[in-house]
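Put chain B on the given structure of chain A with help from the hints.
Residue-level listing of the chains:
There are 2 protein chains.
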Amino acid sequence: MKIYETATAPNPRRVRMFLAEKGLLDQVEFIQVDIAKGENLTPEFVAMNPMKKVPVAVLDDGTSLAETMAICRYVEEAHPETPKLLGDSPKQKALIEQWLRWIDFYLMTPVGMCFQHTSGYFKDRMNCFPDYGQDCYGAAEKFLDFLNDHLKNNTYLLGDEFTAVDINAFATIAFARVVKLRIKDEQTHLQAWFDRINQRASAKV
Amino acid sequence: MKIYETATAPNPRRVRMFLAEKGLLDQVEFIQVDIAKGENLTPEFVAMNPMKKVPVAVLDDGTSLAETMAICRYVEEAHPETPKLLGDSPKQKALIEQWLRWIDFYLMTPVGMCFQHTSGYFKDRMNCFPDYGQDCYGAAEKFLDFLNDHLKNNTYLLGDEFTAVDINAFATIAFARVVKLRIKDEQTHLQAWFDRINQRASAKV
Numbered sequence: 001m002k003i004y005e006t007a008t009a010p011n012p013r014r015v016r017m018f019l020a021e022k023g024l025l026d027q028v029e030f031i032q033v034d035i036a037k038g039e040n041l042t043p044e045f046v047a048m049n050p051m052k053k054v055p056v057a058v059l060d061d062g063t064s065l066a067e068t069m070a071i072c073r074y075v076e077e078a079h080p081e082t083p084k085l086l087g088d089s090p091k092q093k094a095l096i097e098q099w100l101r102w103i104d105f106y107l108m109t110p111v112g113m114c115f116q117h118t119s120g121y122f123k124d125r126m127n128c129f130p131d132y133g134q135d136c137y138g139a140a141e142k143f144l145d146f147l148n149d150h151l152k153n154n155t156y157l158l159g160d161e162f163t164a165v166d167i168n169a170f171a172t173i174a175f176a177r178v179v180k181l182r183i184k185d186e187q188t189h190l191q192a193w194f195d196r197i198n199q200r201a202s203a204k205v
Numbered sequence: 001m002k003i004y005e006t007a008t009a010p011n012p013r014r015v016r017m018f019l020a021e022k023g024l025l026d027q028v029e030f031i032q033v034d035i036a037k038g039e040n041l042t043p044e045f046v047a048m049n050p051m052k053k054v055p056v057a058v059l060d061d062g063t064s065l066a067e068t069m070a071i072c073r074y075v076e077e078a079h080p081e082t083p084k085l086l087g088d089s090p091k092q093k094a095l096i097e098q099w100l101r102w103i104d105f106y107l108m109t110p111v112g113m114c115f116q117h118t119s120g121y122f123k124d125r126m127n128c129f130p131d132y133g134q135d136c137y138g139a140a141e142k143f144l145d146f147l148n149d150h151l152k153n154n155t156y157l158l159g160d161e162f163t164a165v166d167i168n169a170f171a172t173i174a175f176a177r178v179v180k181l182r183i184k185d186e187q188t189h190l191q192a193w194f195d196r197i198n199q200r201a202s203a204k205v
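Residue numbers (UniProt numbering), protein chains in the order written: chain A, 1 to 205; chain B, 1 to 205.
Chain A on its own, in the form it takes in the complex:
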């Protein structure tokens, strides 16, 4: 498998951490795409992913696969011998899916929208609404309070079990520094969890 990615972007980091936790990182060839220079807008890239986003995996049979969680799903299903990060029983798989959606919709999306609409990083290729971006900052800030409360009685976001939800929340919070959103001093449970994930070998990749 090859993965086209941008090493500094948060979604590719989620995939690298997922692969590292599976012990499969060295089986993948990574190819860097400079999104600031628009290398994701070329006809060759758009043929792989019409949505023009990184990461994109190319499977050994040549199939292109876009979307972070689709790539993680493929890796989980194709390697049942590795640690399960998307759950085992129907109920656990569903609760993980619920949390993955919560992290996407209530943390990653608002942080990403805040970045895109207030930084001007992609202003050559989108309309920016800074007031909306600022409102998204508030939404993400509020969600961190929810996470902090939840982690008062949980080691990981799904309780005792480390899952892809921890990876996604961790990578998003780490990325949120670009919009100056950080864990607050009083959010001690969230900070302890963040430090716990940050000590894993997968957090370094």
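Note that these hints are calculated values from the structure, not bench results.
Because identical chains cannot be distinguished in the list, a pair is counted as satisfied if it fits within a single copy or across any two copies.
Computed cross-link-like contacts, DSBU-like style, restricted to lysine-lysine with a CA-CA straight-line distance of at most 30 Å:
1. Lys152 / Lys53
2. Lys142 / Lys53
3. Lys93 / Lys204
4. Lys204 / Lys2
5. Lys142 / Lys37
6. Lys142 / Lys91
7. Lys93 / Lys22
8. Lys84 / Lys53
9. Lys52 / Lys152
10. Lys37 / Lys204
11. Lys52 / Lys184
12. Lys2 / Lys53
13. Lys2 / Lys93
14. Lys204 / Lys184
15. Lys22 / Lys84
16. Lys2 / Lys91
17. Lys84 / Lys2
18. Lys52 / Lys91
19. Lys152 / Lys91
20. Lys123 / Lys142
Same frame as chain A, now just chain B:
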């Protein structure tokens, strides 16, 4: 299983269609929640779903499960004897996940944001940015062109196989009428696909 839902809202419709395609609709008790009156904001509802959204499933062991796709995932995994709507092989599961994300991020989210930011339906409980909402309309409109092109050579969104992706795209496009986004006369492939899905028994539930 019980499902708390709002019959007129698009996400509950996705779950009902999913259950109908599985032949499991009559095994579920549905309880209506009036979101216009704020019945989703009560302490009892928030205890089931801190994100205050419908639908929410309550499993037979009392576990609350929020998020449309988490409920669908539970149903798929708990009933392996029913038609598979989320794929079978690792590759098919991953391609379906890719498409589910595309429908969520590039169609359902912009249509929903357009509705929320331009209609004022939830103006008592959110900040509205109408210019951003209008921009989202344009994004959703563009994605319908992409779907139309894709359907030129495909019966369903994943080719020959009806999947949850068709359910989600169909329910979203049907809902998009609230923001006056409709399939255009020249989008003949998209219209033919829409009519094909609309003829299924599950489209009536």
